[in-house]
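Trainee: So the sequence lines, in the order shown, correspond to chains A and B. Whatever position you read off the first sequence (first residue = 1), add 51 for the working numbering. Whatever position you read off the second sequence (first residue = 1), add 987 for the working numbering.
Be aware that one or more of the hints could be misleading.
[What the hints assert, rightly or not] Think about it this way: if two alpha-carbon atoms lie no more than 30 Å apart in a straight line, the pair counts; the simulated DSS-like pairs of lysine-lysine are:
id, chain 1, residue 1, chain 2, residue 2
1, A, LYS317, B, LYS1029
2, B, LYS1093, A, LYS317
3, B, LYS1060, B, LYS1033
4, B, LYS1033, B, LYS1093
5, A, LYS317, B, LYS1033
6, B, LYS1093, B, LYS1029
7, A, LYS317, B, LYS1060
8, B, LYS1029, B, LYS1060
Keep in mind that the hints were calculated from the coordinates and are not lab data.
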Amino acid sequence: MTPVLLLTGFLGSGKTTLLQRLLADPALSDAAVLINEFGEVGLDHQLLDRIDDNIVLLKSGCICCTVRGEVAEALQNLHSLRARGEVSFARVVIETTGLADPYPVLQTLTAHPVLRSHYANGGVLTTVDAVNLDHQLRHRAEALRQIAAADRIVLTKTDLAEAATVDRLSARLGRINPAAGIVTSLDPTERILAALEPGQGAAAPVHVCDAGCGPDPDHDHDHDHRHRHHHAHHDDALGVTSFSLVIDGAVDWTMFGMWLTLLLHKHGDRIFRVKGILVIEGEDRPVAIHGVQHLVHAPTHMATWPAGPRQSRIVFILENLDPELIRRSFAAFTGLMPARVAA
Amino acid sequence: MCSLCGILGCDDHWTNPIGRPGVYSRNTSSQSRRAEAARRLKAANKVLSYRRLSLNEWQGRSYVLTSPTGASKVFDALSHLWPEAEAMAARGFDPLDEALLDWMEKRR
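With the hints as constraints, model all of the structure from the sequences given.
Mentor: Next up, the structure:
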């Protein structure tokens, strides 16, 4: 399976600058690149130094609604060219337009009957402009969806912002998407790209409450006797809440799958992200799940347990949904199967 | 073929992916596939019974959803279960609906 790294971020947030730098790194020296550009002329395409047969410009601009088929076509074409020995690549990077919701591209990788056999989600890298983030979040829903979909957030233009502003934005991004690692564009390339693919660490919720939350007034905790620990962060201006469920005991995979499928069927538009590690009944190793809106990627069997207690942990990023109701729903559904009453 | 969109070979629900390295799947042998299919039907029927619907397999390849009035619907992919169930029941299956949660909690 060829991993596909999705590079997204709002207009002017530094996607192409970052891409130029990443392509110079040996880790991406074997990458084919697809660039989606909004507008008549693909300027980003011409800014790249490494323009060759492995770079394809997607012309139709808005990746949210029209390019899904074009992405599929371009990826199939690349696969055919490689099969004929005309090009060689081991991974693909797709740079989206700044106005794109990453979800349709991820869905294309998962649902397309041909692509899903040859390509896999290689992670979502989202650039965020430290100077303009607040304004973009206030006015553009796409910016929020790009951040929520990220496996790693790259804060750019930090040299143009006050240190206090960068700290505040980092904290805000952590509240919106606690499942993503946050780096800056000044960090080494290896750190930006490390363990991005689901199941290689990025699928693990990285949020550690005691270390990361601090005295945040928007942060609340509660515990209950069923061994579930629930904590939530709220961004009131956006109506976005992120929280995690931690479950002691093994989860019934079948019922959990039924529950999450139904939850995303009804509320996927408002669930930007689901990401977690599960202790599954009858399994020695943890299973990582990774979803964006209505889409859930194939679960990955992790090689080892992360540090800490062997508990299931699920991170949700929601818009205008009640975390407590989701917690109750999880308990009601998973409590239905007698073999699953493990807590 | 998908009965909704006409795409060939689309029954690859995330809970039941084709077994391959690194992917967690119970779709790895005939025995595990059948066992998981039985568990899946049981789990689905626990929820579907809220609206008196039931799900069965048809020849091990498709699903048959039936209503108490005898209506039935055949579909190939698990991803179609809830849209089809909602269409047949003419009502939603909302896992955040407090009435559904009350009903499920009473059955525990």
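Trainee: Does each hint fit the structure? Answer for all of them.
Mentor: Tested hints:
Restraint check for LYS317(A) and LYS1029(B): the C-alpha separation of about 21 Å stays at or below 30 Å, so the hint holds. The suggested pairing of LYS1093(B) with LYS317(A) holds, with an alpha-carbon distance near 23 Å, which does not exceed 30 Å. Restraint check for LYS1060(B) and LYS1033(B): satisfied, since their Cα atoms lie roughly 18 Å apart, inside the 30 Å limit. For the given pair, LYS1033(B) sits about 12 Å from LYS1093(B) by alpha-carbon distance, which is consistent with the 30 Å threshold.
At roughly 18 Å between alpha-carbon atoms, LYS317(A) and LYS1033(B) fall within 30 Å of each other, so this suggested pair holds. Proposed proximity of LYS1093(B) and LYS1029(B) is supported: the alpha carbons are some 18 Å apart, at most 30 Å. Restraint check: the Cα-Cα separation between LYS317(A) and LYS1060(B) comes to about 21 Å, which is no more than 30 Å; the hinted pair holds. At most 30 Å may separate the alpha-carbon atoms for a hinted pair to count; LYS1029(B) and LYS1060(B) meet this at roughly 18 Å.
Comparing the model with each numbered hint stated earlier shows that all of them hold.
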